[in-house]
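Asks: Chain by chain, the residues run as shown.
Number of protein chains: 2
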Amino acid sequence: MSPEDRLDERRTWTAALLVIGDEILSGRTEDKNIAQVAHWLDTQGVRLREVRVVPDDQAAIVSAVNWLRPNHDYLFTTGGIGPTHDDITIESIAAAFDVPVIIHPEARRILEEYYRDRPQGLTEARLRMARVPSGAELIPNQASGAPGVKMGNVYILAGVPNIARTMLEALDGALEGGQPMASVTIRAFAAESDVADLLKAVQDAHPGTQIGSYPFYRSGMFGADFVVRSDEGAKADAAAAALRERLAEAGVSTGEAD
Amino acid sequence: MSPEDRLDERRTWTAALLVIGDEILSGRTEDKNIAQVAHWLDTQGVRLREVRVVPDDQAAIVSAVNWLRPNHDYLFTTGGIGPTHDDITIESIAAAFDVPVIIHPEARRILEEYYRDRPQGLTEARLRMARVPSGAELIPNQASGAPGVKMGNVYILAGVPNIARTMLEALDGALEGGQPMASVTIRAFAAESDVADLLKAVQDAHPGTQIGSYPFYRSGMFGADFVVRSDEGAKADAAAAALRERLAEAGVSTGEAD
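Going line by line, the protein sequences match chains A and B.
To convert, note that position 156 of the first sequence is 156 in full-length UniProt numbering; the numbers rise steadily by one, no gaps.
To convert, note that position 52 of the second sequence is 52 in full-length UniProt numbering; the numbers rise steadily by one, no gaps.
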């Protein structure tokens with residue numbers, strides 16, 4: 001292994017997510033894609049660093065895409081790739097890359113097949129779902145006909161969560177990434193304010209770890225999940241062991257999180 | 001009413017939301033605040049135009065706050081105002097405004113009262129929740145002790161959704177705003193790709209309206225909710241009536257959405 005390879009192995013791969021859709025900003029639809037993209041990226045060894053939600057507005061999409069794509073290894077988008085007039089993600093991303101929109105021959109073939117036995121067949125509206133920015137590749141969609149699109153480092157997914165999920169599954173192992181974040185969760189039956197100093201002391205004593213505190217109130221009891229994260233499993237384990245010990249000394253009972 | 005007042009009445013008031021928290025970006029916690037803030041803003045006559053999610057990182061928070069607050073009438077934030085070391089929203093927003101962090105006397109009094117009969121009383125960790133950027137006001141919290149904070153046009157809310165909700169309720173009617181967006185939803189039992197042309201034609205014939213198409217597949221049937229939105233109720237109603245007529249002509253049955 002060359003020194004460069006070793007360096008690369010330690011590199012942190014990052015991604016941003018752009019959620020596109022008036023329905024999220026109006027509150028009509030509760031987003032489900034942020035959590036599922038975040039989870040999936042973690043399994044691929046990529047850290048989700050930033051999310052933006054913008055309306056179905058070309059200027060807003062272009063501006064966000066051109067800010068986010070050079071600042072991260074990967075940019076994922078969800079929403080706006082259907083057949084109707086408010087689906088403007090493809091032309092907006094083509095504009096961001098300054099390339100024309102074309103009909104992708106393989107996407108056309110997939111849609112012809114998908115709509116063969118349906119009334120009207122492949123109409124002009126349905127053919128909109130074969131459009132891609134010139135130079136793009138397809139991302140398979142096992143849930144419905146229309147494929148996702150990969151343009152440079154931008155991965156364009158459907159907004160419907162179960163379709164977005166099958167597109168992510170199709171991308172399993174396709175991204176260059178590092179190790180998934182190591183994470184240990186300790187559930188403590190104490191108010192987080194009772195143990196705040198102790199948490200900070202453990203984190204400070206364990207460089208390279210981060211301890212998040214997520215309070216809950218359930219069945220009449222105050223509690224908190226303490227999540228110890230690190231790029232290295234051994235560091236997360238050591239900090240978690242120290243935290244359990246300090247909590248026990250403080251008389252706080254702990255358990256496993258759900 | 002002066003001409004200026006009339007002009008003001010037609011003004012569109014906008015807001016951005018900044019969701020702060022590693023737990024959202026890791027996928028550990030599914031965000032519930034975007035939808036509830038969006039809904040609430042709409043009832044106040046304010047349009048949510050943009051959302052960003054950033055980690056518990058001061059540079060990321062400062063950069064997002066200073067980008068968003070001058071570009072919107074209001075900026076809301078959720079998360080990071082608890083008692084533990086990973087709660088850094090207050091110092092980050094103070095840094096964004098370039099003011100010191102102080103203990104707010106009224107917040108201190110509220111917390112003293114809240115923790116009076118609890119073990120340890122108002123500890124140093126708990127007193128962290130009385131910190132505000134110098135010059136800020138408090139937002140009442142009916143759900144737990146620690147108040148929210150208003151700094152300039154920035155409204156700093158808790159991350160726990162039911163606490164954030166009581167803070168929003170405390171702000172009912174406190175924001176200058178316009179009219180809530182008028183919205184009519186038509187549920188159509190057809191694939192959206194079957195009626196895409198017709199949707200676009202109705203929108204084009206009704207300036208000042210927007211028609212969103214949100215497909216669903218339920219109980220073996222394809223369908224879509226068409227949401228007609230406008231700043232003016234009469235325009236939304238007229239476009240919705242035209243859309244119902246065109247759908248009926250096309251043989252598509254429609255109903256009310258849930």
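If you're looking for bench data, these hints aren't it; they were derived computationally from the structure.
On a predicted model such as this, the values are computed, not experimentally measured, just so you know.
Check the hints yourself; a few may be wrong.
Said to hold, decoys possible - Beta-carbon label-pair distances, calculated as ranges: (1) A:E30 with B:R116: 49 to 57 Å; (2) A:Q120 with B:G173: 38 to 46 Å; (3) B:S219 with A:R116: 20 to 28 Å; (4) A:A234 with B:F189: 31 to 39 Å.
Said to hold, decoys possible - Taking beta-carbon pairs under 7 Å as the criterion, some of the chain A residues facing chain B (in silico): (5) L25; (6) A38; (7) R52; (8) L122; (9) R126; (10) L127; (11) A190; (12) E192; (13) S193; (14) D197; (15) G212; (16) R218; (17) S219; (18) F222; (19) D231; (20) G233.
Don't be surprised by glycine CBs; every beta carbon is placed ideally from N, CA and C.
Asks: Which earlier hints can't be squared with this structure?
Replies: Hints 1, 2, 4, 8, 10, 11, 16, 17, 18, 19, 20 not satisfied by this model.
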